[in-house]
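Protein chains: 2
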Amino acid sequence: MNTLKVKSYEHSYDIYIEKKLRFKAGDQLNKEYSQIAIVTDEHVSQLYLEDVKQSIDQKCKSFIIPSGEQSKSLTKYEEIQKYLLNNNFDRHSAIIALGGGVVGDLAGFVAATYMRGIDFIQVPTTLLAHDSSVGGKVGINLLDTKNILGSFYPPQAVIYDTEMLQSLNEQELRSGFAEMVKHGFIFNVDLLNELKGINTIDPSHPLFDQWLIKSLSVKKHFVEQDEHEGNIRRFLNFGHTLGHAIESTKSHVTHGECVMYGMLFAIYLSDCINDKDEKLFNEELVNWVKNLGFPLNLINISDISTVSDKMLNDKKNSNQFINFVLLNDLGEPFVSPFSIEKIEEHLKAFLDLKALKGV
Amino acid sequence: MNTLKVKSYEHSYDIYIEKKLRFKAGDQLNKEYSQIAIVTDEHVSQLYLEDVKQSIDQKCKSFIIPSGEQSKSLTKYEEIQKYLLNNNFDRHSAIIALGGGVVGDLAGFVAATYMRGIDFIQVPTTLLAHDSSVGGKVGINLLDTKNILGSFYPPQAVIYDTEMLQSLNEQELRSGFAEMVKHGFIFNVDLLNELKGINTIDPSHPLFDQWLIKSLSVKKHFVEQDEHEGNIRRFLNFGHTLGHAIESTKSHVTHGECVMYGMLFAIYLSDCINDKDEKLFNEELVNWVKNLGFPLNLINISDISTVSDKMLNDKKNSNQFINFVLLNDLGEPFVSPFSIEKIEEHLKAFLDLKALKGV
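Protein chains in written order, with the UniProt record's numbering: chain S, 1 to 359; chain P, 1 to 359.
These aren't lab readings, by the way, just hints derived from the structure by calculation.
You may find that some hints are simply not true.
You can't tell identical chains apart in this list, so a pair holds if it fits in one copy or across any two.
Claimed, not checked - Keeping only pairs whose Cα atoms sit at most 30 Å apart, straight-line, the calculated DSS-like set for lysine-lysine is: (1) Lys290 / Lys24; (2) Lys20 / Lys214; (3) Lys310 / Lys59; (4) Lys342 / Lys20; (5) Lys59 / Lys196; (6) Lys61 / Lys250; (7) Lys76 / Lys196; (8) Lys146 / Lys59; (9) Lys146 / Lys61; (10) Lys76 / Lys357; (11) Lys31 / Lys146; (12) Lys342 / Lys59; (13) Lys76 / Lys310; (14) Lys76 / Lys24; (15) Lys19 / Lys279; (16) Lys5 / Lys20; (17) Lys310 / Lys31; (18) Lys220 / Lys7; (19) Lys24 / Lys250.
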C-alpha cells in the first residue's frame, strides 16, 4: 500500500492511499477504542457508510449531517458534542470523518475539543479533501466568516480510498485538481508538467494515484516544516487570497474553481512584479485551464470592490494590506503585501486581458 | 519580582507573582498586539478592571460576563467569539482573562479557538485561580458536565497580583487553599508542614506569597512533565475524584471545600490499602482542617449512590472502575482503580468515622 508518514508536533500519522481501501478501513486503526463515531453527510452516507462500518470490528455509531457548507456551524458542532456526551463517549473513543472538507473540518473540530481532544481519523471521499485532510487545520464558520473558530489538530491517520473519487462529478474533480496544480506551481514543477499533459481530470487514469501522492507530499513538506503557519505554510495560500474572496461571494462555483482563478491572477501579478522577459502567465496556460472546464469569467469590473473588501477581512491579512503569495519562478513562491488600491488596479488590468476574455 | 518559568509543548511562559502587579500588568506583555480584549466578570470588573486597563498602553477593549459557573457555556463562548469578530480582532490580537477559574477557562477556550488560536494572558484574581491559571487546561461545560469541551492551551503569561487576594471572603480563600494543601500532600511535604502551622488563611501573612510560589512550583513540576495528562499529571487529581462528584451535586460549597473533603477520603482510603501502622488519616489532620473552617458534613449515607454515579461518569474514569489518586506516604502519590461497589463500602465506613462526625 502507498503510505506517507507526516510528522506533526505531537505525533506522526500515516496517509494510506489505495483503491478499495474503504473495505478495510478498520485494519488501519491501530488502537482499540471504547467507541467510534463515524461523522458523515447525507450524500456520502448513502454511498459509502455501510462499507466503512462493516470494515470496522469495533463498537461503532454514526452521525449524519446535511451535505454542504452550512453544516460547518456552531449549532451542528453543539449537536454532535451532545450526541457524544449522551452516548457516553469517553477519552478513549474516536471520531472518523467520512466525507469531504466540510465533514473533516467539523468532525475534526469536535474531536479536537471533546474532553480536550479524542482521536480523529480522516477518510476523505473527495479529491479536494486529499488536501484538507492533511495538515491538521479543523474548524467551523461563524457569521459568514469561514473557519473563524478552529484548532490545529492533526488526525491519527488518513485513509484514502481513491476508488471513491470515481463517484465525483466534473466540478467536484476540478475543485480538488486545483490544489494538485497549486502544489505543482509552488513546489513540484515536474508534477505541474505532468498535470499539464492531460485534457480531462480522470481519477481512473493509471498515473492518477501517483500524482495524488506527489501532491500530498508537497502538502506534507510544508506542514511538517511549519505546522502552525507562522512562515512557509503560507505558500499553500497561493491562489487562495483572491480565490477565497470570490468563493465567499459566489454560489455554484467550487473552492478549486475559485482557487484556479486566483492562481491565474497571482501568476499574472507575479509577472507584473518580476518584470522578466519570459512570462509565467501565457496563453498556453489559460487554454489548458479552460479546456479542463475551469470557468474564467468568475468576476467582472463591478465585483472588484466587493472582492477586495473580502480580501481585507480575511484573517490572514491585517491593516490595509493584503498578502499575496506570488512566484519568482515556477516552484519558487514568496509573499508580498499590496495596498488595496494597487490590487484593485491590477485586478482591472487582469480582467481586461484578451486571453481571459476568451478572445 | 518573583518569577517562575513554565515549559510547555509549544512555548515557555512566565508566572509573575507580586503584590500590586495589576498596576503594571501592561509591562509584562512582551508583544505589541493589534488589539486586546480583557474578559472579566461583573464582580471583578468593579474591583480591578480599571487598574488593569490603565496599566496597558495598547488598544484595549473589555467584555464582561456574569459572575459564576453558568457563564462557562457555549452560549457565552459564542457571544465572545462574535464580539471579537465584529470588532475586527485579528491573529495578532490577544485576550486577557481577568478573574477566577470561570473567566480563565472560558476566555482561554475562546482564545484557543479564535482563528485557531490567539495569545492569551491570565490575570488570576482568586486564590483558586493560582492553580487553574497554570497548566493550559481551558474549557466550558455542556449538559451539566464540567469542562467537557476544551483544549490544552497554555497562556503566554500569568500575572498574579497577590494583593487582590485580600478582597476574597473566607470561603473563597478555603477554595484555593485546598489546592495548596494538595500540592503539599502529593509532592512537597515541607510546604504541607508549613501550612499545617497556621490556623487561619490570611493572604497578608508575610510567608503567604512564598507558600503560593511553592504551590505553583509543584503544579509546574507536574504539567511540565506531562502536559496532556497521560501520566503523572493525574496525581493532581488527588482529592478531586470524590471532590468533583460532590461539587456537581451541591451548591453553596466551593471547589476547594469539596476537594479538601475528597482528600480526607483519599487519605483514609490510602490507609485502608497501605495497611501500615502509622496512619496518614488522623485526628490532628481532621482538627486542623476543621479549624480552618472546611465543612466536614458534605455528604451522608443517602448521598452515596448519587455521588458514585457521578464518579463513574467523570471523563477520567472508564468502564465500571473509578481511578483514585492515593498516597503511599506523604509526597508519594499513586493511582489505583476501584470497583464502584468497593468505593461505596469504603465511603460508608468513612462516613461512620468518629473523627469526621466531630465527636
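Inset, instruction - Please flag the earlier hints that this structure goes against, numbers listed from lowest up. - result: Numbers 1, 4, 5, 6, 7, 10, 15, 19, in rising order.
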